[in-house]
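Starting from the given sequences, assemble the full structure and let the hints guide the process.
Chain order of the listed sequences is H and Z. Numbering of the first sequence is given in numbering that gives the first Met the number 0, commencing with residue 0 and proceeding in unit increments. Numbering of the second sequence is given in numbering that gives the first Met the number 0, commencing with residue 0 and proceeding in unit increments.
It is possible that some hints are incorrect.
[Said to hold, decoys possible] Here are the computed lysine-lysine pairs in the DSSO-like style, where the Cα-Cα straight-line distance is at most 30 Å:
#1 K713(H) <-> K29(Z)
#2 K821(H) <-> K30(Z)
#3 K30(Z) <-> K544(H)
#4 K30(Z) <-> K288(H)
#5 K821(H) <-> K36(Z)
To be clear, the hints were calculated from the coordinates, so they are not data collected in a lab.
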Amino acid sequence: MVAFILNDYRFFGLSWQFYALASLKLGLLAGTFVLLGFLARVKSHRSYDKAAFAWGLAVALTAVGTAATRPHDFTGHAVAVVSIVYILALVIPNKLANQIVLSSTVTLGELIIISPLLRSGADPAWVAIVFSLLVANAIAITASWQLHSYRRRAFAAGENERTVEEALREGEQRYRTLFMSVSQGFYLADIIYDDNRAPCDFRYTEVNPAFEQIIGLTRDQIVGRTYNELVPPDTASGWMGVFENVAATGIPADYSFYSEIYHRHFKTFAFRPTEGEFAVLVTDVTERKQAEVALRESEERYRSLFATLLEGFCVIEMIFDADDRPIDYRFLEINPAFEEQTGLHNPRGKRMRDLAPDHEQHWFDTYGNIALTGEPARFVSQAAALGRWFDVHAYRVGGPESRKVAILFSDITDRKQIEEVHSFLLQCGWPSSGEDFFESLARYLAETLDMDFVCIDRLSGDRLDARTLAMFFDGKFEDNVSYALKDTPCGDVVGKTICSFPSGVRQLFPQDVVLQDMMAEGYVGTTLWSSQGQPIGLIALISRKPLANLSMAESVLKLAAIRAAGELERKQAEEALAQARAEAERRAAELEAFVSNQADGVSMVDAEGRILWINDAGREILRVPPEETFSDWMSRYRMFTLDGTPLSPQESAGARALRGERVTDFRYVVVTPSDETIIVSASSSPVFDGQGRIIGATSTFRDQSERVEFENEKQRLLDREHRIAEVLQQALIPLDVPTRIGSYGIGVKYQPALEEAEVGGDFYDVFELDDGKIGVLIGDVAGKGLVAAIRVGAARYSVRGYALIDPRPSHVLTLVNEALCKDSPTDFSMLTAFFAVIDTATGKVTYASAGAEPPVVCRASGSIRELALGGMPLGVVGSNTYVENAVDLAPGDSIVLVTDGITEARAGGQVLFEKRGMIQYLANNAGNSPSETASGLMRAATRHADGQLQDDAAVVVLMHENTEVVR
Amino acid sequence: MADIANIEIVKDGDRVTVIGGGSLDLTNCKKFNDGLKQASQTADGVTVDLRGANFIDSAVVQALGMAGARMLKRDKRLNVIVREDAYPLRVIRISGFESIMDVEVE
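Rendered as structure tokens:
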């Protein structure tokens, strides 16, 4: 029914289906615009595609409906085909050619559709309308498709799918926000060219706040200004050319530079938003640059340290089994010192088990634990497989999963060996070891340093020969020998700290038989020095192989030498001590034999005074009975001084010596228990130990009883002689010389030079003669003693006797001389004499001299004159005659006679008192009495001789005094 | 006293020179006296050189006197040389020895 209606209804020659189809198309056209407007607001092109598909589907259904209504009509089929094509056009890629084809196809389809109308002769007006509708339809489809394509492009660029304007606005807003908030500086600028079209500057058109901070100006201060207006030209940076190129070519460019103006590093990214313009993103990378430089320097520093580190360093990667047990490790990194420190070559990337299969498990365990726990470790351990000791500091690198361990280590094998040597040297040689020190040392050096021959020698006194103290050769000791050092390497060693021949030693010393026989290659030796710096021995090490580790051998040898030198010195000291002890014992025996045979007593006491030893003579001197001990005997005898005062034991010579005194010839009396009296002379000395402490005293003593008795007797004889001499002297020198004879005052003074019991040689006499005359005699005899005194006595009394007969002085002396010469024909004692006779009545003095000291006449007026005299001494030549002279003494005048003991008094042994000193004294003491003058002159001469006259001296003074004068 | 004395005896054939210097006294003149005594007994010529002497005491004077006497007995004369400014010349002159010996003053 419905189909009939639809097929049969006609309006203006056209069926209603046609109108309905046209209406539907118009509706669809309107719907297209409505739909596109809607789709312009959807958020995504997928929604748009769904809507477009739904619309296309509706169109297709319309076409299908059209075809269904006219199943046999070509138009209906054409409509369906066109609709399907249209739908396909919606989903195919947006291509302009497709659109054109599509539009053309749609238009062609419409023409096909309306072709029946044209063929049916419809009204041309309606045909024109329908055709217009068709064209409009095609235009609408094309327009909608264009819009649709634009939207798809917009969405493809990532823009919002709302509208193009909104997208642009939002994009601009977003970019502006981004532009204003980015941390990098950003600016837009236009290139400015000079007259030659060369870029010379640029003008800022926009900047962001970050750029404001960089340049230090506000946006208002920047925008619209050129670069050169804001900052000095910075041609050195070179960026102007870069920016110009970007602006010209549009090719973005990265550019980094250092600004001398801002003293900052900048990294820029320049691009061209529009032609003639460029934009620049500016990043201040100064801190990053500085950090990079610091990092680079740090890396270089650490890498240099790493490379120059003397210690070994490596990073290893631990390898565990399934149960996390460490089984191996691999070397990841090593430093240059590693190989030297370990002896492992090129280990990088290799496993330790491959390099050293016998490497101890504890190394793996230790490093494995560090890798798992992160706990660092510091330890010293031996790597036997490497033949070395190491001081290790290991720590984990990275986290637990890294399983990497860094190891810093040092090869301390030499140090350990030195420590072992130290330990050996400390223990070696102790009595408990039971082995000779030098043999122990020789064996140890051979085994430790892998030497075939070791000898320790002692040098002879002239250092030309040596004798071995220990010789260890090929694992056993040889008998010690003496050998000449000449032409041996040991000869070169003496005097040097170390002497080494790492190889070829036997070629250097072809005369050394030992070197040749054992095919020696390496040699190292050292001198053993005494504590006084003298070479006393040497140690020599010889190997059949060249010395691989010479420095080690030298180090060990130096250590061993110090200990060995001390031991050798001790050994020599012990030998010297033993020798000295033997010598001391021998001498002690000799001394004992000597002392035992001494006539003097010899004893020794300890520090407490206990008797240690006394010889037989001592026991005999002190009358010690054979059955008594000396100590008991001594405790019972008594001691006295020579004058009988009791003497305590503390005052004995031995006790005084124990107090540090050296006592010589101390004489005392011992009364023995058997009441024998012994006079003993003892000498004692303290005995000191090495520190100066008194440890005893030795005494020698002898019986002085007989000697003392002899000395006493001698003294008695001397005393007797002295008394005789004294009497004789007194007889020669009158005791009672009158102080006045007539008007003459007399003063005399005599002083012998010596204290002994000897009679002096000077003499004088004053005696009265007949007729009021006075004889005055003074003289000196050569020699002393009784013989001299007797000769003087003879002369004196001869003078007296001859003067009584004939008082002329020359006559008296002539007679006395003849008498003396006859009396002593051979060796005689010569006398000098002055004889004067004073006539008290006239004051005339006649005198003669026989070689005597000329007298001095002192006048009352103060003048003093020496009488010029000369004459042969008495007793020299028998036929001699003497000259007589005379001088008058007025009242107040005096004559002073002296012997040469006065004039020859010497000060300091050299300067004589002489007649000058005598006259000086008399002049200074002119008013004195004769007695005062005589005594004063004697004192003056004695003082001049420093208190001790060298010879006897006599002074006689006679003064002619008036009776009225009272002195 | 033991002053320094320089004593030398020089023999030249039959001539002997006894040289005394310094201070000659009893304590140090034994050699001088002995030498002079022996020379005066045997030598043909004896010279006593006292130019170096500063002092002589009575013991030396006696030795000179005795030597002079001995020489005189042998018909010879002792020759003595002294310095003019020295003490020994004074002693010799006081002793009157110029009559029995030749005193040469320099």
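How the hints compare with the structure:
Note on K713(H) and K29(Z): the hinted pairing holds, with a Cα-Cα distance of about 27 Å set against a maximum of 30 Å. Between K821(H) and K30(Z) the CA atoms are separated by roughly 28 Å; this keeps the pair inside 30 Å, and the hint holds. Proximity of K30(Z) to K544(H) is assessed by CA-CA distance (about 86 Å); at most 30 Å being required, the pair is judged violated. At most 30 Å may separate the alpha-carbon atoms for a hinted pair to count; K30(Z) and K288(H) exceed this at roughly 116 Å.
With a CA separation close to 20 Å, the supplied pair K821(H) and K36(Z) stays within the 30 Å bound.
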